[in-house]
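Student: With full-length UniProt numbering applied, the sequence shown covers 1 to 323.
These are computed hints drawn from the structure, not numbers from a lab. These figures come from a predicted structure and were not determined experimentally. Positions of the beta carbon are idealized from the N, C-alpha and C atoms, including for glycine. Keep in mind that the hints are not guaranteed to be accurate.
The following label-pair restraints were derived from C-beta to C-beta distances [said to hold, decoys possible]:
#1 K155 to E264: 19 to 29 Å
#2 K76 to E114: 36 to 46 Å
#3 K260 to G171: 24 to 34 Å
#4 A315 to K155: 13 to 23 Å
#5 S132 to T313: 13 to 23 Å
#6 D218 to G269: 34 to 44 Å
#7 R219 to K160: 17 to 27 Å
#8 Q90 to A294: 34 to 44 Å
#9 E184 to K260: 21 to 31 Å
Here are the simulated DSS-like pairs of lysine-lysine, each with C-alpha atoms no more than 30 Å apart in a straight line [what the hints assert, rightly or not]:
#10 K69 to K305
#11 K34 to K91
#12 K127 to K249
#13 K193 to K113
#14 K180 to K305
#15 K196 to K155
#16 K260 to K55
#17 K188 to K160
#18 K113 to K76
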Amino acid sequence: MIAVALVALMGCKQQPAETAEQPSGGTPPPAAAKKLSVGFSQVGAESAWRTAETKSIRGEAEKRGVDLKFADAQGKQASQIQALTSFIAQKVDVIVLAPVVETGWEVVLTQAKEAKIPVILVDRGIKVSDESLFTTLIASDFVEEGRMAAEWLAKKTHGKANIYELQGSTGAAPAIDRKKGFEEVLQKYPDMKILKSQSADFTRAKGKEVMEAFIKSDRKQIQAVYAHNDDMALGAIQALDEAGMSPGKDVTLISIDGVKGAFEAMVAGKLNATVECNPLLGPLVFDTIDKVRAGESVPKFIQSKDQLFEQATAAQVISTREY
Numbered sequence: 001m002i003a004v005a006l007v008a009l010m011g012c013k014q015q016p017a018e019t020a021e022q023p024s025g026g027t028p029p030p031a032a033a034k035k036l037s038v039g040f041s042q043v044g045a046e047s048a049w050r051t052a053e054t055k056s057i058r059g060e061a062e063k064r065g066v067d068l069k070f071a072d073a074q075g076k077q078a079s080q081i082q083a084l085t086s087f088i089a090q091k092v093d094v095i096v097l098a099p100v101v102e103t104g105w106e107v108v109l110t111q112a113k114e115a116k117i118p119v120i121l122v123d124r125g126i127k128v129s130d131e132s133l134f135t136t137l138i139a140s141d142f143v144e145e146g147r148m149a150a151e152w153l154a155k156k157t158h159g160k161a162n163i164y165e166l167q168g169s170t171g172a173a174p175a176i177d178r179k180k181g182f183e184e185v186l187q188k189y190p191d192m193k194i195l196k197s198q199s200a201d202f203t204r205a206k207g208k209e210v211m212e213a214f215i216k217s218d219r220k221q222i223q224a225v226y227a228h229n230d231d232m233a234l235g236a237i238q239a240l241d242e243a244g245m246s247p248g249k250d251v252t253l254i255s256i257d258g259v260k261g262a263f264e265a266m267v268a269g270k271l272n273a274t275v276e277c278n279p280l281l282g283p284l285v286f287d288t289i290d291k292v293r294a295g296e297s298v299p300k301f302i303q304s305k306d307q308l309f310e311q312a313t314a315a316q317v318i319s320t321r322e323y
C-alpha cells in the first residue's frame with residue numbers, strides 16, 4: 001500500500017515571501033510518497049488467454065498507480081528464476097508469479113522469504129515442501145475444468161468415443177490437472193477411450209502440427225478431440241479443415257479457456273464447447289496484495305469461477321466476451 005505522507009501544519013501566521021525557503025540546516029521537506037513496487041513474472045505470450053491475463057494485471061497496476069516490473073519468461077523456468085532473483089535484488093514489495101512448471105522453485109522462493117517479500121501465485125500452482133514459501137494461489141480449479149469437459153463430452157457422445165488429447169506444456173499445472181480431472185470422469189465410461197495424447201505446448205501452431213500427425217496415422221478412428229486450451233483446439237480445427245474433415249460435426253471438439261476465438265469457432269459450427277478459465281485476474285490480484293500488505297489473513301487458495309459454454313448459446317454471449 002502506498003504510504004501517505006502527513007504534512008504538519010507550521011502555524012497559521014502567513015510568512016513573508018522571502019522566508020519561504022528553508023535555511024540551511026532547517027527541517028527538510030517531507031519525502032514523496034513511495035509507490036508500491038510489484039514484480040510480475042509471466043509465463044509468456046503463448047496464447048490469447050495468457051495475453052489477456054497480462055493485460056488485466058498490467059492495466060490494474062496502472063489504474064492503482066503501482067510500479068509494476070514485468071518480465072516475460074518466454075516459457076523458460078530459468079528466465080523466471082532470473083527475473084525473481086532480480087526482483088529480490090531490487091527490493092520490490094511483492095512478487096506475482098505465474099509459474100512455467102510446478103517444481104524447482106524452493107531456492108529462489110526461499111530467498112524471497114528471507115527478504116520478507118510475499119509471493120502471490122497466479123493461475124498455476126507449484127509443488128514445494130514448505131508452503132510458507134508462497135502466500136496464496138489465485139487460480140481456477142484445473143482438475144474440475146477437466147471433469148467438466150469430460151462430463152460434457154460423455155453426454156454429447158452418449159458415453160462412447162475415441163478421444164485424441166492435446167495436452168498443454170509438459171510439467172505445467174494446468175496440463176497435469178486438466179488431464180487428471182478428465183481421466184477421473186472417463187473411469188465411469190468404459191467406452192470412452194483416449195487413443196492418443198500428446199503435448200502441443202498450449203499453442204495454436206503446435207496444436208495444428210500434432211493434430212496433423214493424428215490425422216495421418218489414425219484418420220478413420222478420430223471421433224473426439226479434447227484440448228487443454230482453446231488455442232490448441234483452434235489449431236486442430238485448422239488441421240481437420242485442411243484434411244477435408246468436418247470439425248464440430250464428424251469430430252466433436254471441446255477445449256478449455258473460453259477465449260473469444262473459441263466463441264467465434266463455436267458460432268461457425270467448428271468447436272462444440274469450451275470450459276471458461278477466467279484470465280481477468282488483475283483486480284483480484286491487487287485486492288489480495290492490499291490485504292496482505294495490511295496484515296490481513298488470506299486463504300491459501302483463492303478460486304476464480306468457471307463455467308461451460310456450448311455451441312448452441314455461443315452467438316448469444318460472444319458480444320460480451322472481454323478476451
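Student: Between S132 and T313, is the Cβ distance one that fits in 13 to 23 Å?
Tutor: 44 Å, violated
Student: Is the gap between the beta carbons of K260 and G171 within 24 to 34 Å?
Tutor: 28 Å, holds
Student: Sort out whether K305 lies within 30 Å of K69, counting only the CA atoms.
Tutor: 28 Å, holds
Student: Mind checking the alpha carbons of K127 and K249 for me, to see if they're no more than 30 Å apart?
Tutor: 40 Å, violated
Student: Is the distance from the Cβ of K155 to the Cβ of E264 consistent with 19 to 29 Å?
Tutor: The hinted range 19 to 29 Å holds for K155 and E264, with Cβ atoms some 24 Å apart.
Student: Keeping to a limit of 30 Å between CA atoms, is the pair of K196 and K155 held or broken?
Tutor: Given pair K196, K155 holds - Cα atoms ~21 Å apart, limit 30 Å.
Student: For the pair supplied as a hint, K260 and K55, is the alpha-carbon distance within the 30 Å limit?
Tutor: Holds: K260 and K55 sit about 15 Å apart, inside 30 Å.
Student: Is the distance from the Cβ of E184 to the Cβ of K260 consistent with 21 to 31 Å?
Tutor: Check passed, 29 Å falls within 21 to 31 Å.
Student: Check the hint pairing K34 with K91 against an upper bound of 30 Å on the C-alpha distance.
Tutor: Roughly 13 Å between the alpha carbons, so the hint for K34 and K91 holds.
Student: Quickly compare the C-alpha distance for K188 and K160 to 30 Å and report which way the hint goes.
Tutor: Roughly 11 Å separates the two Cα atoms, so the pair holds.
Student: Please work out if K113 and K76 have their alpha carbons no farther apart than 30 Å.
Tutor: 22 Å, holds
Student: Compare the distance between the alpha carbons of K180 and K305 with 30 Å, and conclude whether the hinted pair is satisfied.
Tutor: 19 Å, holds
Checked against the numbered hints given earlier, this structure breaks hints 2, 5, 6, 8, 12 and 13; the rest are met.
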